[in-house]
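Residue numbers (our numbering), protein chains in the order written: chain A, 1 to 139; chain B, 1 to 139; chain C, 1 to 139; chain D, 1 to 139.
Watch out, some of these pointers could steer you wrong.
Only pairs whose alpha carbons sit at most 25 Å apart, straight line, appear in this in silico PhoX-like list of lysine-lysine [stated by the list, open to error]: (1) A:K99 / C:K126; (2) A:K52 / A:K90; (3) C:K99 / C:K41; (4) A:K126 / B:K67; (5) A:K52 / D:K90; (6) D:K52 / C:K67; (7) D:K41 / B:K99; (8) C:K99 / C:K67; (9) A:K41 / C:K67; (10) A:K126 / B:K52; (11) D:K90 / B:K41; (12) B:K126 / A:K67; (13) D:K126 / C:K126; (14) C:K99 / D:K126; (15) B:K126 / A:K99; (16) B:K52 / C:K67; (17) D:K41 / C:K126; (18) B:K52 / A:K67; (19) A:K126 / D:K126; (20) D:K41 / D:K90; (21) A:K99 / A:K52; (22) A:K67 / B:K67; (23) D:K90 / C:K126; (24) A:K41 / A:K99; (25) C:K99 / B:K126.
So the derived list for chain D, only partly shown, Cβ under 8 Å to chain A, looks like this [stated by the list, open to error]: (26) E8; (27) P10; (28) F13; (29) C16; (30) P18; (31) F23; (32) P25; (33) G43.
Partner residues are not named here, just some residues of chain A that face chain B (Cβ under 10 Å, in silico) [stated by the list, open to error]: (34) G20; (35) P71; (36) S139.
Just so you know, these hints were derived from the structure itself, not from any lab.
Virtual Cβ for every residue (Gly too), placed ideally from N, Cα, C.
So you can see what is in the structure, the chains are spelled out below.
Number of protein chains: 4
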Amino acid sequence: MSKTVVYEVPVTFGDCDPAGIVFFPNFSRWMDASSLNFFVKCGVPPWRELVKTTGIIGTPLLEINTKFSRPAVYGEMLQIHTSVDEWRDKVFVQRHVVKRGDDLICEGTEVRAFCMRVPGDPDRIKAIPVPEDIRVLCS
Amino acid sequence: MSKTVVYEVPVTFGDCDPAGIVFFPNFSRWMDASSLNFFVKCGVPPWRELVKTTGIIGTPLLEINTKFSRPAVYGEMLQIHTSVDEWRDKVFVQRHVVKRGDDLICEGTEVRAFCMRVPGDPDRIKAIPVPEDIRVLCS
Amino acid sequence: MSKTVVYEVPVTFGDCDPAGIVFFPNFSRWMDASSLNFFVKCGVPPWRELVKTTGIIGTPLLEINTKFSRPAVYGEMLQIHTSVDEWRDKVFVQRHVVKRGDDLICEGTEVRAFCMRVPGDPDRIKAIPVPEDIRVLCS
Amino acid sequence: MSKTVVYEVPVTFGDCDPAGIVFFPNFSRWMDASSLNFFVKCGVPPWRELVKTTGIIGTPLLEINTKFSRPAVYGEMLQIHTSVDEWRDKVFVQRHVVKRGDDLICEGTEVRAFCMRVPGDPDRIKAIPVPEDIRVLCS
Chain A
1 MSKTVVYEVP
11 VTFGDCDPAG
21 IVFFPNFSRW
31 MDASSLNFFV
41 KCGVPPWREL
51 VKTTGIIGTP
61 LLEINTKFSR
71 PAVYGEMLQI
81 HTSVDEWRDK
91 VFVQRHVVKR
101 GDDLICEGTE
111 VRAFCMRVPG
121 DPDRIKAIPV
131 PEDIRVLCS
Chain B
1 MSKTVVYEVP
11 VTFGDCDPAG
21 IVFFPNFSRW
31 MDASSLNFFV
41 KCGVPPWREL
51 VKTTGIIGTP
61 LLEINTKFSR
71 PAVYGEMLQI
81 HTSVDEWRDK
91 VFVQRHVVKR
101 GDDLICEGTE
111 VRAFCMRVPG
121 DPDRIKAIPV
131 PEDIRVLCS
Chain C
1 MSKTVVYEVP
11 VTFGDCDPAG
21 IVFFPNFSRW
31 MDASSLNFFV
41 KCGVPPWREL
51 VKTTGIIGTP
61 LLEINTKFSR
71 PAVYGEMLQI
81 HTSVDEWRDK
91 VFVQRHVVKR
101 GDDLICEGTE
111 VRAFCMRVPG
121 DPDRIKAIPV
131 PEDIRVLCS
Chain D
1 MSKTVVYEVP
11 VTFGDCDPAG
21 IVFFPNFSRW
31 MDASSLNFFV
41 KCGVPPWREL
51 VKTTGIIGTP
61 LLEINTKFSR
71 PAVYGEMLQI
81 HTSVDEWRDK
91 VFVQRHVVKR
101 GDDLICEGTE
111 VRAFCMRVPG
121 DPDRIKAIPV
131 PEDIRVLCS
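Okay, chain A solo, but in the shape it has when bound (with noise of 0.2 Å):
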């Protein structure tokens, strides 16, 4: 059994477009938002920290699944419920539910994989394995 951070977000009108529903890429900015989330509730310290003990810069996307059942409208409350779906050698499926108190409003799954900057070449950045003292924090 995994655990499961949620992550709360209010919609704002700004994040709404003329048709007056969440534009829908915000969903993946506040999943990314709940992905960082969930590792520092987890115990994992942010990037920002990690760079200068590990290397690592983050978890950047292989890929993005995103099924959407409800609109969104601003002035509500959303609930991002994340997890990490499985472990897999050089890359972790993190799943994000994300609801309005009882109803489903969308539904992803990310591929990530903790990453860091190529050695002689801060320009390019590569994935590594992930790192086993994360991935017991995190089951």
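Got chain A; can you put chains B, C and D on it based on the hints?
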């Protein structure tokens, strides 16, 4: 053989995150711009006009799926190659291939539906069958 | 002595730029959220409701002025202290002081007007006098 | 007589809010893109390159002031006319006039400083005098 329309996007400093690469929800934002651009280039009026004659307010998302291959950084120019993979009765599948010249940056599909407001309940929206004239214009 | 309402904002990774600090347009975005939150907390319905009874669609900006004192980074929690400096006949001046605990991050004023759509030409909007009942609720 | 560089921006659906007009923080976002484009067009390398030779990470904002004249809607093309009003010792004032053909949409000034990381404390940044070679290139 379906139509493909190319939409060009300059990557800006503000599109990038502390890792120095494009913050991934911006790709969804650009794909959405390219989706609308596709319809306009095929001869469909912008939703703002279309709503007056047909009630159509846009093409909200039912599902997105994106695979990320390479990061992009500010100062680069990206090309989004947009087409429709499949027209179904109530939905259609749009494909966006984001390239930097010959390099593949990311590639995604969107399942979208043409929507209008629910008569008598303008705060709600509902999907309608894909309009035949739009399908013809875009195929 | 005017009312002040505090709106709290968590800074996320995606709010920050390649320099690692909040990309400044996000402060305007948060001030806008705090502006609407101020009205709601004072008892004014959200624009979405208000438009049905009064025609008011919101409070578009006529002018903004912001001074930036300190950068903020992701993982921090900011507090926006929002009040109305001045009510004039057709416009009002809202002030937002963005703090991180005791530290001043930035401070801005906005000149806004209550607006409605132009009857007979719904694509255009026009300013209306500040509604007396809203002024009373918020003073 | 100072140089003026024009940067063109297509307004997208997602740039607009439930009132159907551009959500104003996007103008700041576009002015920032136009600010960097101005330097690049004048022959200054992007910050990403410049940081390696000079330590300069960009030109963070000290103050912004924008006046909004007309709303803009999606599907329109805007032109941002960017120049430097004034070079002072430690800061410079950049002006952005946002037009839609002959129509003025908004106009703003930004006070910016060239900044680098504080040696020995890379989490902090500090302003440096305006580099003479950059001032010459851009005047």
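A quick look at each hint next to the structure:
no., hint, in the structure
1, A:K99 / C:K126, "violated (37 Å)"
2, A:K52 / A:K90, "holds (21 Å)"
3, C:K99 / C:K41, "holds (20 Å)"
4, A:K126 / B:K67, "holds (16 Å)"
5, A:K52 / D:K90, "violated (31 Å)"
6, D:K52 / C:K67, "violated (29 Å)"
7, D:K41 / B:K99, "holds (24 Å)"
8, C:K99 / C:K67, "holds (13 Å)"
9, A:K41 / C:K67, "violated (33 Å)"
10, A:K126 / B:K52, "violated (50 Å)"
11, D:K90 / B:K41, "violated (47 Å)"
12, B:K126 / A:K67, "holds (16 Å)"
13, D:K126 / C:K126, "violated (43 Å)"
14, C:K99 / D:K126, "holds (20 Å)"
15, B:K126 / A:K99, "holds (20 Å)"
16, B:K52 / C:K67, "violated (43 Å)"
17, D:K41 / C:K126, "violated (38 Å)"
18, B:K52 / A:K67, "violated (29 Å)"
19, A:K126 / D:K126, "violated (31 Å)"
20, D:K41 / D:K90, "holds (22 Å)"
21, A:K99 / A:K52, "violated (36 Å)"
22, A:K67 / B:K67, "holds (15 Å)"
23, D:K90 / C:K126, "violated (41 Å)"
24, A:K41 / A:K99, "holds (20 Å)"
25, C:K99 / B:K126, "violated (42 Å)"
26, E8, "violated (22 Å)"
27, P10, "violated (15 Å)"
28, F13, "holds (6 Å)"
29, C16, "holds (5 Å)"
30, P18, "holds (5 Å)"
31, F23, "holds (5 Å)"
32, P25, "holds (7 Å)"
33, G43, "violated (22 Å)"
34, G20, "holds (8 Å)"
35, P71, "holds (7 Å)"
36, S139, "violated (25 Å)"
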